[in-house]
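Trainee: Sequence:
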Amino acid sequence: MGWDFRVLGPVAVTVDGQPARVGGTKLLVLLSGLLLRANRPVPVEQLTRWVWDGEEPTGARNAIQTYVLRLRRLLGPDVVRTVPGGYQITASEDSLDLTAFDLLLERARRAETGGELPVAASLLTKALALWRGPAFADVESDALRRNEFRALDERHTRTREHWADVLLRLGRHDEVLGVLNELTREEPMRERSSELLMLALYRAGRQADALAEYRRIAGMLADELGVDPSRGLRQTHQRILTADPTLAPSAGERPVVAREVPRQLPGDATGFTGREADLEQLGATLAEDAGEDNVAIAVIEGTAGVGKTALAVHFAHRVVERFPDGQVYLDLRGYGPGEPMDASAALASALQSVGVPGDALPSDVDARSAMWRTRTAGRRMLIVLDNARSSQDVRPLLPGAGCMVLASTRAQMIGLGARDGARRITLHALSMPEAIGLLEKLVGAQRVQADPVASARFVDRCDRLPLAIRILGERAASEPDVGLAEFLDEMAELDGTLAPFTLDDDKDTDLTAVFTYSYDALDPDAARLFRLLGLHPGTEFGAELAAACSGLSTSDARRTLDRLCGAHLVERRDRNRYQLHDLMREFAGELTRHHDGAADIAAAGDRIFLWYLHSLRNANLHLNRHRFAERVPPVPDGLVPLTFTGYRAALEWCDREHANLLAVARRATTLSPDSPLWTLCWSMMTYFLVRSRFDDWEATTELAIDVCRAREDLFGEARMLSGVAVKHFQTLRFADAIACSERALAICREIDVPSVLVNVLSMLAISHAELGHQELALDYGRRALEAAPSTPGAKHTWLALRSLAMVNTRFGRYAEALEYCGLALEAAGEIGLADCEALVLRESGRAHRGLGRLDESARMYLRAIDVHGELEMQLEVALSVLELGEVRLRQGRPVEARLCWTKALHLFEQAGHPDAELVRAKLSDTAVAAS
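Its first residue numbered 113, the sequence shown is counted upward by one per residue in this note's numbering.
The set of hints was computed from the structure by calculation and includes no laboratory data. The beta-carbon is built from N, C-alpha and C at its ideal position, and this holds for glycine as well. Errors might be hidden in some of the hints.
[To be verified] Computed spacing ranges between beta-carbons, pair by pair:
#1 Asp978 with Leu1030: 44 to 52 Å
#2 Asp1037 with Ala597: 46 to 54 Å
#3 Asp593 with Arg531: 53 to 61 Å
#4 Arg258 with Ala761: 20 to 28 Å
#5 Arg258 with Asp712: 53 to 61 Å
#6 Arg258 with Gln376: 32 to 40 Å
#7 Asn688 with Gln347: 49 to 57 Å
Put together the whole structure using the sequences plus the hints.
Mentor: Here it is in structure tokens:
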């Protein structure tokens, strides 16, 4: 099936030679967005913004899928491809006029650069013939019209102007008068069109008309905008007034000798992909800042390997026709082997590129800089300053007005923005669709699409850095018969190192060498902190963690992190959150092993572990004061754990550091081999309970138990067994809870650990009660209470009393249960924790319900719900709401009962709790009964 798309005017589609109607506004917008980005992946998020003008409804992603299916039915199954994260249309110049337009402009640029102006004129004429009106004229999307179509129409206008300029240079002024008159009618204050029209009129022998055109636009600029014409327009006017002989028309079409102008751009990056938003920013810089009286400056910043040079060169090739007076490229060697290029040498190279002989160069840097500005003033030149180290490297090379500068750097050139008006664009890793698109170009689309999961793993292994993807992609391309999953498995033995990211002995394709250039520019304090951060096993971190691992004060750590961010070795996520990407962390780790002694590495690892442990214990002061790990190593001198102002602040920190805490637990045996891992895992249990993270709870507990057994740490093993028993009880695995508790009880008989003993006996009591073992349950409960007084504080007494209340309620001994509840409430008051009080209140609600005191029961449940809700303990809220529903049903209030159960179902489903199935059954039964 063949298709043909025309978008340079109203959208027209033909399929197999027959017109096809794309019905529906949103379907046409979707197709237009894909055609606008033809041959490139378009993320679903971008499509939804275009289709719904930035006001995406719920279910927008599913709606996009539906529209794509409709397009495939209309146009054929192969026209729209699914790619990771989005969709893509592939279109050649024969099937899409926009693609043909772009290619014709590129061919015209090459012809003009080579001095073949007649060929360039012919190609530009063909490109303009493709236009039938405003681009995508019938597409109703404010987002596309505002951000995309207007830019395309502006390209059309600039191309018409450029066509007229080329024909004027060929002496064909009579042919351009109609187009130029049309342009000045469309945009009466467009100075370039007016300037070209004046020149064409003058060459046609119509000097008075040319001067009248100047008076018209000058008057309109003054009346409408209160400004004078640009310098270029004024100069043309003056030359016409004085009948400057250089403006005389050429005698027919004569051969044009190519001007001696620099054409120094490197070749465009093969397979360049993505970076649309960054290209738009660069385009905005050119459109808004470039002019006769000023210089447009764009600085592309980012870490090593992120694609700064590739972006600069690619953009330069896209806009090269805007700079007919030449393009200068200088590698300033700010990062790399050898010495950086100094300003004097850079200026010498730049001046010689515009025709200044070596013996005419001033010896003084300031004089050279002034000569450079003079030589470039009024010329439309593009200056690419690659690999600069600082603003001081770039500033002397800023050209005269009318030019554009593209600078790339690993530093943050804040000064160039503040003083010189540069626009700073920071590059980050590629998006997943962009990274997959690059991988397809390296190893082939078929190979990537055959295993999307492995493809995603592949680019994630590269941190989605273009250089890393290219290096690893070249290695994969050299093994075409090996699937990507198998290739990654082969590379797995090198995980944690940068060994896979090297090709031959080329330093430009050796990621370690590329990163090293940035590292070598650091001061000693920043270099040391960077190395030690490689020990941190998590993703994001704060300045406090950086201080902990390095021994710096928090303020000094923050200032040092700022310097690392300035070098783009560390990325700032928000005001006090930083990130070291995986490849950079592996690089830092390799540096640590080479530069730091074993004692320094061990000390830094211990500080990281202990900072997390003691910060977590401080959080538990607010989350659950009765869950403390005994036998914890003390806080070492100079280490400052975090403290918290209250429950919410503690919980927010745990949410933020959750992934890091898990990573520290998994890496503890290598990070801090002598530290007791179980103390960290025990301290994490309260957070796991509050957030219902049962999988994390079980995984960390089992890890800690294995370490305790390897070290023959019986106390730690017993403590962790008692902790995992709580997790089993919470998830209704009562037999597993008993098994773990009995193993812990056996250890308690070997060593004297009364605090663990009370926990274990209490858990055995309530677990046997849930299984209907009344005598065993009561016996274990009494034994827990007997063991409690021998332990300091009221927390163990509260635990034993609550377990006896639960056991008695379970077996219908409600009066006894209420008696124990009263005593447990007193003990909870001594502990001073609302959570403990709320648990007893819920137990009181059960006992009152058993005695038929429904109003009092509801009151107890509501108090428990309020407290647990305030503490954001959603699973506990769900348990109380579920039981409150039973009370409402017995009170003859079935509607309120269903509301309770609906809320409980939602909370159980969020937590992945097995009671969700029980609640669904209740809701189903009450629905049947109501019918």
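Trainee: Take the hints in turn and mark each one as holding or not.
Mentor: Tested hints:
1. Asp978 with Leu1030: 44 to 52 Å: 24 Å, violated
2. Asp1037 with Ala597: 46 to 54 Å: 48 Å, holds
3. Asp593 with Arg531: 53 to 61 Å: 56 Å, holds
4. Arg258 with Ala761: 20 to 28 Å: Violated, at about 42 Å.
5. Arg258 with Asp712: 53 to 61 Å: For Arg258 and Asp712 the Cβ distance comes to about 56 Å; the hint holds.
6. Arg258 with Gln376: 32 to 40 Å: The hinted range 32 to 40 Å holds for Arg258 and Gln376, with Cβ atoms some 36 Å apart.
7. Asn688 with Gln347: 49 to 57 Å: The hint (49 to 57 Å, Cβ to Cβ) holds, given that Asn688 and Gln347 are roughly 54 Å apart.
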